[in-house]
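Trainee: Here is how the chains run, residue by residue.
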Amino acid sequence: MAQVTLTNVKKVYPGGVEAVKGVSFDIPDGGFCVLVGPSGCGKSTLLRMVAGLETISAGEVSIGNRVVNQIEPADRDIAMVFQNYALYPHFSVYDNMAYGLRNLGTPKDEIDRRVKEAARILAIEPLLERRPKQLSGGQRQRVAMGRAIVRKPQVFLFDEPLSNLDAKLRVQMRVEIKKLQRALGVTSIYVTHDQVEAMTLSDKLVVMNGGQVEQIGLPSEVYKKPASRFVATFIGSPPMNILPGTIDGPGIVALGDAILEARDLRADLAAGARVEVGLRPEDIEIASEGEAGSLPFDIEFIEELGATQLFHGQLAGLPFIMQAATDTISAQPGRLWISVDPDRVHVFDPATGQRLGL
Amino acid sequence: MVEDRRLGDAIAYVILSIGVLIVAFPVWLTFVASTWDNPTIINGQLPLWPGPHFFDNYYRILFVGTSGTTREPVAGMMLNSFIMAMAIAVGKIFISVLSAYAIVYYRFPFRMAAFWIIFLTLMLPVEVRIFPTFKVVSDLRMLDTYQGLAVPLIASATGTLLFRQFFMTIPDELLEASKIDGAGPFKFFKDTVIPLSMTTIAALFVIQFIYGWNQYLWPLLVTTRDSMQTIVIGIKKMIVTSDALTEWQLAMATAMLAMLPPVLVVIAMQRLFVKGLVETEK
Ligand SMILES: Nc1ncnc2c1ncn2[C@@H]1O[C@H](COP(=O)(O)OP(=O)(O)OP(=O)(O)O)[C@@H](O)[C@H]1O
Ligand SMILES: [Mg+2]
Chain G
31 MAQVTLTNVK KVYPGGVEAV KGVSFDIPDG GFCVLVGPSG CGKSTLLRMV
81 AGLETISAGE VSIGNRVVNQ IEPADRDIAM VFQNYALYPH FSVYDNMAYG
131 LRNLGTPKDE IDRRVKEAAR ILAIEPLLER RPKQLSGGQR QRVAMGRAIV
181 RKPQVFLFDE PLSNLDAKLR VQMRVEIKKL QRALGVTSIY VTHDQVEAMT
231 LSDKLVVMNG GQVEQIGLPS EVYKKPASRF VATFIGSPPM NILPGTIDGP
281 GIVALGDAIL EARDLRADLA AGARVEVGLR PEDIEIASEG EAGSLPFDIE
331 FIEELGATQL FHGQLAGLPF IMQAATDTIS AQPGRLWISV DPDRVHVFDP
381 ATGQRLGL
Chain W
1467 MVEDRRLGDA IAYVILSIGV LIVAFPVWLT FVASTWDNPT IINGQLPLWP
1517 GPHFFDNYYR ILFVGTSGTT REPVAGMMLN SFIMAMAIAV GKIFISVLSA
1567 YAIVYYRFPF RMAAFWIIFL TLMLPVEVRI FPTFKVVSDL RMLDTYQGLA
1617 VPLIASATGT LLFRQFFMTI PDELLEASKI DGAGPFKFFK DTVIPLSMTT
1667 IAALFVIQFI YGWNQYLWPL LVTTRDSMQT IVIGIKKMIV TSDALTEWQL
1717 AMATAMLAML PPVLVVIAMQ RLFVKGLVET EK
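Heads up: the sequence lines are chains G and W, in that order.
If you read the first sequence in this note's numbering, its first letter stands for residue 31, the second for the next number, and so on.
If you read the second sequence in this note's numbering, its first letter stands for residue 1467, the second for the next number, and so on.
Hints were generated in silico from the structure; no laboratory data involved.
In this text, all values refer to a predicted model and were calculated from it rather than measured experimentally.
Don't take every hint at face value.
To list a few chain W residues with every Cβ distance to chain G over 10 Å, as calculated [claimed, not checked]:
# : residue
1 : 1482
2 : 1640
3 : 1662
Pairs of lysine to aspartate or glutamate residues, derived as DMTMM-like cross-links and limited to a Cα-Cα distance of at most 25 Å, are as follows [stated by the list, open to error]:
#  : chain 1 : residue 1 : chain 2 : residue 2
4  : G       : 146       : W       : 1657
5  : G       : 163       : W       : 1538
6  : G       : 182       : W       : 1657
7  : W       : 1645      : G       : 294
8  : G       : 182       : W       : 1470
9  : W       : 1653      : G       : 294
10 : G       : 51        : W       : 1642
11 : W       : 1653      : G       : 56
12 : G       : 40        : W       : 1642
13 : G       : 182       : W       : 1692
14 : W       : 1645      : G       : 333
15 : W       : 1653      : G       : 312
16 : G       : 234       : G       : 56
17 : W       : 1653      : G       : 105
18 : G       : 163       : W       : 1657
19 : W       : 1645      : G       : 84
20 : W       : 1656      : G       : 125
21 : W       : 1653      : G       : 90
22 : W       : 1653      : G       : 102
23 : W       : 1601      : G       : 125
24 : W       : 1645      : G       : 291
25 : W       : 1645      : G       : 142
26 : W       : 1645      : G       : 105
27 : W       : 1645      : G       : 107
28 : W       : 1656      : G       : 298
29 : G       : 254       : G       : 196
30 : G       : 163       : W       : 1642
31 : W       : 1645      : G       : 139
32 : W       : 1656      : G       : 107
33 : W       : 1645      : G       : 298
34 : W       : 1656      : G       : 147
35 : G       : 234       : G       : 298
36 : W       : 1656      : G       : 56
Every residue gets a Cβ at the ideal spot worked out from N, C-alpha and C, and that includes glycine.
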């Protein structure tokens, strides 16, 4: 077990692409850190530097108080689960799991014990003699996990391990990965661009954009207090509505004619300053016309998602989405007056995109 | 519709059968000729079915030899041909697997230059560089040796290119997984690359074995002693310009024997091919 520390880690690929531009954070022993971000933001690159599959251009990576910059992947005491599983096609499931241990010179009976144990945990005992191509996607995924856990590494690294599975299996495997990680207590770094995975798995969420860290925190913190407009629109589905507004006074923003209270708003802002106001579709409440802080929402069409409904329309001439539990509102296309809890109004600087919070 | 398909099938079979007959008939004729005696053949009255001299002819040609031009028994020639073909096939696979591995997986100075130099040899088969090659081989005193027969034919790029193309299709993640599993370059080669290449190796083996077995020009140049002669040269020497001196039944038997090992190699390797086609592992 070990803590992982990244200090100002940079990666410049030959050819000059600066994929990671100085990232620092640490993961406590046994922590589950998820790296999330849009495609091309450098998540995989960062993970691969921890794994030792890419050289580190600058900065320092240490695992359990040992700087590993110059250490071979095999000697870093890590295990990695790849997106396409990367199982050895010519080995049986058993040999796939045993291979790493054999290379370490582990005694045969110890290998056997560990492989059988991993197979039992992952419920793949009947598959041990099969070749990878005789397995379903979900079973391959389990074997890839098995190959990681037999090593008893200090750190698990996952690069989008579930993205090749269908939606249902993904949910199931997600839960299993979380349980397994809890049970084994192994420090883990998990790369994904699926924000549901990111929210549910992590106890430390790192949101990346363009090779830089946008925000680090507990998933609930990141959701409740996104540090920037980027994080606000990236985490949460459907994405947060962003509307242009102005400062109307301490803790008050104006959206067109309507006045909204925003509790988490810096007090030192000049009245009249332009800002961006973020409202999550799921935070919208029904209000009545003329009520303080109510906004007119023109509904154009409604999407039924089963448990919830999505109302698409316009607010102050801009596209706007609201989400509500089915049957709470019998809204028809037309005008609806809405309001938002002052605790859930997010305000961002339009120039930098940074949160203007307390 | 069903009738139409049957008719189509029938036509296809007829055409196929005609094709097979055209290819197979000369082979059959060769076999038939190898089972009669010489007068029957020379008189131009060769029947279309096998004659009574199968065992005499084959025994004589294998272990005694002809009475005329080449006195060596064919068994010895077959051994020579076999050693040469094997050396070429195995040597070429060995060298090309290693060189392709280096080119695909290692970053070394002048890597692309090395690749292009290897590539250039494609344009220089033995026939083109025959004089300098002969000079080198004779200066190295390799005339009339197996090394002299095989080594110059091993040096060519086809195998390297083939393996390079194949290695580039092996996913990078397998290499990375191996690195994490603690397999160094040699282990990765032995445990992953070679097993995955087995079907490609089998294909190249078949092609190179037949290529080596059928060599004519090069063995003709570098062998002078009868004991080093290959079977293809043996056949040529048995067929003398004056018809009367040619022991046709023996020449035909030799031709049959010359066909045999390539056929056996194809049959033996066919199972690997089919396996490779059915289970594309990767
Ligand atoms: N080998 C390489 N050489 C040059 N540039 C690279 C290389 N690998 C990745 N990049 C670049 O580095 C940046 C980050 O790539 P990376 O693979 O880390 O993205 P990612 O966040 O994992 O994206 P995805 O979610 O699509 O997997 C990209 O702009 C990519 O084009
Ligand atoms: Mg990636």
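Trainee: Work down the list of hints and note, for each, if the structure agrees.
Mentor: Verification of the supplied hints:
no.	hint	result
1	1482	34 Å, holds
2	1640	6 Å, violated
3	1662	6 Å, violated
4	G:146 to W:1657	22 Å, holds
5	G:163 to W:1538	54 Å, violated
6	G:182 to W:1657	23 Å, holds
7	W:1645 to G:294	49 Å, violated
8	G:182 to W:1470	65 Å, violated
9	W:1653 to G:294	59 Å, violated
10	G:51 to W:1642	24 Å, holds
11	W:1653 to G:56	34 Å, violated
12	G:40 to W:1642	21 Å, holds
13	G:182 to W:1692	67 Å, violated
14	W:1645 to G:333	49 Å, violated
15	W:1653 to G:312	55 Å, violated
16	G:234 to G:56	9 Å, holds
17	W:1653 to G:105	16 Å, holds
18	G:163 to W:1657	18 Å, holds
19	W:1645 to G:84	12 Å, holds
20	W:1656 to G:125	15 Å, holds
21	W:1653 to G:90	30 Å, violated
22	W:1653 to G:102	15 Å, holds
23	W:1601 to G:125	52 Å, violated
24	W:1645 to G:291	56 Å, violated
25	W:1645 to G:142	22 Å, holds
26	W:1645 to G:105	10 Å, holds
27	W:1645 to G:107	12 Å, holds
28	W:1656 to G:298	68 Å, violated
29	G:254 to G:196	29 Å, violated
30	G:163 to W:1642	19 Å, holds
31	W:1645 to G:139	24 Å, holds
32	W:1656 to G:107	23 Å, holds
33	W:1645 to G:298	55 Å, violated
34	W:1656 to G:147	28 Å, violated
35	G:234 to G:298	31 Å, violated
36	W:1656 to G:56	38 Å, violated
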